[in-house]
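With the hints as constraints, model all of the structure from the sequences given.
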Amino acid sequence: MTGRRGPWRWAVAAWLVLVAAAGGLTLWWQDSAEPQRYSWERTVPTPSLPQGWESACAGATPNENDRVLCFVRTR
Numbered sequence: 001m002t003g004r005r006g007p008w009r010w011a012v013a014a015w016l017v018l019v020a021a022a023g024g025l026t027l028w029w030q031d032s033a034e035p036q037r038y039s040w041e042r043t044v045p046t047p048s049l050p051q052g053w054e055s056a057c058a059g060a061t062p063n064e065n066d067r068v069l070c071f072v073r074t075r
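The opening residue of the sequence shown carries number 1 in the UniProt record's numbering; numbering runs sequentially from there.
I should point out that these hints are in silico values taken from the structure, not numbers from a laboratory.
It is possible that part of the hints are untrue.
[Said to hold, decoys possible] Pair by pair, the computed Cβ-Cβ distance ranges are:
{"hint": "1", "residue 1": "Trp15", "residue 2": "Thr46", "range": "33 to 41 Å"}
{"hint": "2", "residue 1": "Gly6", "residue 2": "Leu27", "range": "30 to 38 Å"}
{"hint": "3", "residue 1": "Asn63", "residue 2": "Trp29", "range": "50 to 58 Å"}
Just so it is clear, CB atoms sit at the ideal spot from N, CA and C, and this is done for glycine as well.
Structure (C-alpha cells):
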C-alpha cells in the first residue's frame, strides 16, 4: 500500500502549492489595481430644484413627523 500513497501525496502537495500561489497572485493583483467605481454611482452633482417649487408645495399637509411629500414635474 505504500506504493499508492506516494502519488496521492504528491498530488495533494501540488494542489496546495497551486492554491497558495493563486491566492498570493490574487492579493498582489488586488493591491496593485486602482479602486473601481460602481456603474450605479453618480458622478455628477445632484440637480437643483426648479424655480417656483416653494409655491407648488405650499398647500401640502405635513404628516405626524412634520414632513411634506411634494412632487414637482418639469419638462
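Inset, instruction - Please write out, lowest number first, the hints stated earlier that are contradicted by the structure. - result: 1
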